[in-house]
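Novice: Could you build all of it, start to finish, from the sequences and the hints given here?
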Amino acid sequence: MGYERQSDFGTPEVHAETSVSLTIDGREVTVPAGTSVMRAAAECGGSIPKLCASDNIAAFGSCRLCLIEVEGMRGTPASCTTPAAQGMVVHTQTPLLQKLRKGVMELYISDHPLDCLTCSANNDCELQDQAAAVGLRDVRYGYAGDNHLGLATDSSNPYFDFDPSKCIACSRCVRACDEVQGTFALTIDGRGFATKVSAGQAGDDFLSSECVSCGACVQACPTATLQEKSVKEIGKPERSVITTCAYCGVGCTFRAEMRGEQLVRMVPWKDGKANHGHSCVKGRFAWGYANHQDRITSPMIREQIDQPWREVSWDAALQFTADRLGAIKARYGARALGGITSSRCTNEETFLVQKLVRAGFGSNNVDTCARVCHSPTGYGLKTTFGTSAGTQDFDSVAHSDVILVIGANPTDAHPVFASQMKRRLRTGAKLIVIDPRRIDLVRMPHIAAAHHLPLQPGTNVAVLTAMAHVIVTEGLADEAFIRERCDWDEYQDWARFVSDERHSPEVLEAVTRVAASELRAAARLFATGGPGWASAQRSKPNGAIYYGLGVTEHSQGSSTVMAIANLAMATGNVGRPGVGVNPLRGQNNVQGACDMGSFPHELSGYRHVSDDTARGLFEADWGMALDPEPGLRIPNMLDAALDGSFRALYIQGEDILQSDPNTHHVAAGLKAMDCVIVHDLFLNETADYAHVFLPGSTFLEKTGTFTNAERRIQMVRKVMEPANGFEDWEVTQALANAMGLEWTYTHASEIMDEVARLTPSFAGVSHARLDQAGSLQWPVNAAHPDGSPIMHVGGFARGPDGKGKGKFVVTDYVPTDEKTGPRFPLLLTTGRILSQYNVGAQTRRTENTVWHPEDLLEMHPADAENRGLKSGDWTRLASRTGETTLRLMVTDRVAPGVVYTTFHHPATQANVVTTEYSDWATNCPEYKVTAVQVMASNGPTDWQEDYTAWSAKSRRIVAAAEPAE
Amino acid sequence: MDVARLTYMANQIARNLAAGGEDAAIAATAQHIVKYWEPRMKAAILAGDRSALEPIARAAVERLERVAGIEPA
Chain A
1125 MGYERQSDFG
1135 TPEVHAETSV
1145 SLTIDGREVT
1155 VPAGTSVMRA
1165 AAECGGSIPK
1175 LCASDNIAAF
1185 GSCRLCLIEV
1195 EGMRGTPASC
1205 TTPAAQGMVV
1215 HTQTPLLQKL
1225 RKGVMELYIS
1235 DHPLDCLTCS
1245 ANNDCELQDQ
1255 AAAVGLRDVR
1265 YGYAGDNHLG
1275 LATDSSNPYF
1285 DFDPSKCIAC
1295 SRCVRACDEV
1305 QGTFALTIDG
1315 RGFATKVSAG
1325 QAGDDFLSSE
1335 CVSCGACVQA
1345 CPTATLQEKS
1355 VKEIGKPERS
1365 VITTCAYCGV
1375 GCTFRAEMRG
1385 EQLVRMVPWK
1395 DGKANHGHSC
1405 VKGRFAWGYA
1415 NHQDRITSPM
1425 IREQIDQPWR
1435 EVSWDAALQF
1445 TADRLGAIKA
1455 RYGARALGGI
1465 TSSRCTNEET
1475 FLVQKLVRAG
1485 FGSNNVDTCA
1495 RVCHSPTGYG
1505 LKTTFGTSAG
1515 TQDFDSVAHS
1525 DVILVIGANP
1535 TDAHPVFASQ
1545 MKRRLRTGAK
1555 LIVIDPRRID
1565 LVRMPHIAAA
1575 HHLPLQPGTN
1585 VAVLTAMAHV
1595 IVTEGLADEA
1605 FIRERCDWDE
1615 YQDWARFVSD
1625 ERHSPEVLEA
1635 VTRVAASELR
1645 AAARLFATGG
1655 PGWASAQRSK
1665 PNGAIYYGLG
1675 VTEHSQGSST
1685 VMAIANLAMA
1695 TGNVGRPGVG
1705 VNPLRGQNNV
1715 QGACDMGSFP
1725 HELSGYRHVS
1735 DDTARGLFEA
1745 DWGMALDPEP
1755 GLRIPNMLDA
1765 ALDGSFRALY
1775 IQGEDILQSD
1785 PNTHHVAAGL
1795 KAMDCVIVHD
1805 LFLNETADYA
1815 HVFLPGSTFL
1825 EKTGTFTNAE
1835 RRIQMVRKVM
1845 EPANGFEDWE
1855 VTQALANAMG
1865 LEWTYTHASE
1875 IMDEVARLTP
1885 SFAGVSHARL
1895 DQAGSLQWPV
1905 NAAHPDGSPI
1915 MHVGGFARGP
1925 DGKGKGKFVV
1935 TDYVPTDEKT
1945 GPRFPLLLTT
1955 GRILSQYNVG
1965 AQTRRTENTV
1975 WHPEDLLEMH
1985 PADAENRGLK
1995 SGDWTRLASR
2005 TGETTLRLMV
2015 TDRVAPGVVY
2025 TTFHHPATQA
2035 NVVTTEYSDW
2045 ATNCPEYKVT
2055 AVQVMASNGP
2065 TDWQEDYTAW
2075 SAKSRRIVAA
2085 AEPAE
Chain B
54 MDVARLTYMA
64 NQIARNLAAG
74 GEDAAIAATA
84 QHIVKYWEPR
94 MKAAILAGDR
104 SALEPIARAA
114 VERLERVAGI
124 EPA
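Going down the list, the protein sequences come from chains A and B. Residues in the first sequence are numbered from 1125 upward in steps of one, following my numbering. Residues in the second sequence are numbered from 54 upward in steps of one, following my numbering.
Among the hints, a few may not be true.
Which bits of chain A does chain B cover? Going by a derived footprint, with three or more residues having C-beta under 8 Å, they are [to be verified]:
| id | region |
| --- | --- |
| 1 | 1748-1756 |
| 2 | 1776-1789 |
| 3 | 1858-1870 |
| 4 | 1929-1939 |
Treat the hints as calculated values from the structure; they're not laboratory data. In this text, all values refer to a predicted model and were calculated from it rather than measured experimentally. Note that beta-carbon positions come from the ideal geometry of N, C-alpha and C, so glycine has one too.
Specialist: Below, the structure is given as structure tokens:
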């Protein structure tokens, strides 16, 4: 399609039981009661002139342009603030209205630069459009009077400019910041002629303000006042393509607005079901990595990892790889080979990598980066609820009354969903935060948690069991729900267990360091909604649990997930909007990668490899026998490499050296292998140990699907040709064919057809269906032809008919073996920050580094004072595993005894410090608990310096066949 | 495979399942290993020194020995 602006109905959609009919300019229209006349007019094909209205923010009625006349009503009311009424007869264009609007517009334009031809918003400017719409031909006041035309532009934000000389003070930016994003960074400063938009305090510019650069204000601006720098530089887009963001698990959909193959800007898509037209700084702006100079576009090989890379042709690289893999397989057997699928690649690409491993390599040694993030979610929810996924859609949060956030930091890691959650919190839902650190959500503008339980890292199970103790012993469990929906005997076993005095908050306080009275109050609030809870809509409150890696990345990750599921069932909070268990997924396609059969024990759709019926389906379709035994997980692969029985690894889109725990051990494992194939955009840290580098393609260069945290499958659409020549699935296919597999996929849609054929929960999914529906939430099959926004409605997805009983699982608190002591008295926990993403391979290659140029170590003032440290000091962070250095930030966000850092920068090497302790059920690493000591330091450790030197050496590239001088 | 590490893993699984009672915990630990461990891991723990295995884990490994289909590597 050609470029056109997204439609804007002027005021938000209204959901109401009753509707009203009215006549607008002779057209009859019926709308939900409470809808504005402006929106009603837009819904029947009209377009009342407007400047201060936009349909993602509440009506404001300030621009005086949207005036209407209503028969039987006096004056000329603003259509944005006038609700449609039954039988109303509206005229939107009369001689009086025309005169009034022209007068208003004349005033606006008398203080607005007339540089339209050279303005960056030329032809994409609402002020220009409205001047045209009202027939403005002359400005009688002239342009010589006092004006704002000389105001200076604020260019401090790396992605957009603020040019106050073009501002019409409509306040859409301020309201978008408040209502859409919920940051409240902007304000209208001054009155009358002195009115201006201000980013925070006097002296603040956009960069130094509270602004989180989500882009909502830029999108809201009707003029060129707030405008993307890229549009200023390149010009107005010529077309737009709907695609899905490749950052976090929220899965925002965007319009990639293009000129030719050049991306001009990414604008959140208003019809996107996950993001509803909102975005964060990463998806909206941080896509510059796609064309970064570090990008590798030619295949490279080397015999040994101490040699420089040699650029070679695709054929040569694939032949080299196939030969090596063949030789290893012949000598050591199929189980010496394995692969890692990527949570950043598409479902189709992931499916193909696991197929290559199972069908081509002949082993089940396939794993995925979910191993180190949400594998306990898979295990825990499959055991209790019957399926390895969250129960709700994101919109569900709008119906929640009590929201429990545990081990998640949504405003940093899942910012667009956090905005939706904050919207609900501002309208009255209660919040409980369980986190060792005072995350932003605990207290921010217009939001305050009812309870923050700052637990000792590693005691999640104890805290949740204590909450269950309170709920059961105080008679707050929803026994009617449990009897109907869960296994009653298992519930009774569990209830007996949690009721034991040793699980009371008072006894466990010594372990959790959470005040028993606070914990009791939080448990009561979750179960009852608090004293005097009453709602016109509901007889009992909707309680929803949201969690993240602070739950899973522990030695009891799986137990914690099951404890969460127990809590949800015990309080009757499963199977309807507003409730549920909601894992916030880290990477864009971590849900999809798991769904596609990336785990060594599971085929797509979470069917065990030993299940003869399921495996038989694949064997018949692929025409070969498959190994019925589970394969190796990533840490087991590294262990097996060290004893010589595992020798080759194909890694697509994952940097295990930086992201996996105990870097030294990962490095040793990789070093022991004969053939490490890295398929990626950049020479990442893992590539230092690789023999083959296959260049990858970005999400802008491929077609396929991602599945977000709410099981929503959405299209990723190619908007430019791959810089490396191939989409990633094509590279995997070429490798398979070099190994003699004779695959013949001609388009990613054919891979999805195969997934649908072999996976009951995807039976109804195809690219054509997704094009038509926009998105689908699995399961999509005969029972759920349009997908499943909410799961476990009427029955849990367990048992043969998928309508089984929920399973309570006794989860005993088993303390981690990682313990503090005299040498390592502090506990280190890790997390993320808004502007950076995961190991930073993408965001570090964008201007986002202005917000977070390095990882910092957060420490409580008491601990800092004991050690004579202050903010900005270099410190040595040492654990039993290793040590690194980084700079300190003293803050009371962390409790005494706890330190915190992020892991976005390779120089920090946070994972040199983390241990190999892991979740008992899934081996998900215990990133969140490491006993450490912190002391003053002069700068980088020997390891950091050696590593930098080694990195530089192992990244040397010799260009292909350079002609001799 | 490093038997010490596998022993640690088996003990950790057993400790987390112990609350279900000894018999159930032994069965669940054995089943967990069957479902999630790769053949060379199973073979290594069967062939390895069992002295560091805690009682539930040891009983689970002994039970595995009697289960068909798990051969030493």
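Novice: Against each hint, give a clear statement of whether it holds in the structure.
Specialist: Tested hints:
| no. | hint | result |
| --- | --- | --- |
| 1 | 1748-1756 | holds (count 4) |
| 2 | 1776-1789 | violated (count 0) |
| 3 | 1858-1870 | violated (count 0) |
| 4 | 1929-1939 | holds (count 4) |
Figure legend: structure checked against the earlier numbered hints; hints not met, in rising order: 2, 3.
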